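**Q** Chains as they are written, first to last, in the working numbering: chain A, 1 to 148; chain B, 1 to 55.
Some clues are possibly wrong.
To be verified - Derived lysine to any residue pairs resembling SDA-like cross-links, with alpha carbons at most 25 Å apart: (1) B:LYS35 with A:GLU27; (2) A:LYS60 with B:GLU5; (3) A:LYS144 with A:GLY107; (4) A:LYS70 with A:GLU27; (5) A:LYS146 with A:LYS60; (6) A:LYS12 with B:GLY44; (7) A:LYS130 with B:VAL26; (8) B:LYS10 with A:GLY123; (9) A:LYS12 with A:LEU39; (10) A:LYS110 with A:GLY123; (11) A:LYS144 with B:SER19; (12) A:LYS147 with B:LEU45; (13) A:LYS85 with A:ASP113.
No lab work stands behind these hints, which were simulated from the structure alone.
Computed from a prediction, not measured in an experiment: that's the story for all the values here.
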Amino acid sequence: MKLLRYQLKAEKSLMVFEFISEGPKGEIPKIIEFTETNLNGFYNLAFGDKDKLTGKLNDKIISNNNDAEKILATVVSSVYAFTDKYPDAWVYATGSTSARTRWYLMGILKYLDEVKNHFHIFGELNNDWKEFEKNINYDGFVVKRKKN
Amino acid sequence: MTIKELNKRKTPIVIIDNSLEKYKDVILFPEKLAKANEVLKRIGLPKLHAKKHHR
């Protein structure tokens with residue numbers, strides 16, 4: 001049996017995570033960042049590739065390392081880690097392109113029942129928030145951990 | 001802990017790596033952050049519907 005997600009590393013505050021994607025293109029470092037927005041407690045989630053030579057980050061690159069599902073599962077697990085530490089945080093995410101947003105949405109759909117057990121989840125549609133439903137192309141989405 | 005148990009955990013085991021401290025308080029994806037701020041400004045926060053508690 002293989003691990004379904006990558007090992008995460010983070011700095012102490014759990015705002016910045018790193019993991020290494022492994023596949024036919026080799027090892028590709030990825031960075032996940034939770035950044036607080038202008039509103040306290042509302043964070044933006046972003047992630048992208050880290051260039052091994054320059055250290056520069058790129059959230060538009062398509063690395064095609066045949067591990068998209070494992071990457072998505074890893075990003076989802078980082079949201080669990082982050083909201084364990086910051087249980088009142090709202091976490092917003094959208095793709096750097098509409099195709100990538102759709103990829104995120106497909107990933108959420110795969111875990112939707114599980115995610116809904118632990119998070120409130122809303123989709124951004126027509127300048128409003130809607131309770132997240134299947135088969136709708138949202139522009140972005142936001143989650144908040146449910147209280148136990 | 002077995003791989004099966006690790007896969008079942010919702011919250012992952014996270015290794016603290018001090019080399020990542022250099023990224024803390026640095027906005028690594030400014031375009032995404034600007035977009036999030038713009039969305040917040042435009043539509044605000046979603047409304048959570050609190051469950052009614054019966055006594």
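**Q** Report the numbers of all earlier hints that the structure fails to satisfy, in ascending order.
**A** Failing hints, ascending: 1, 2, 5, 6, 7 and 11.
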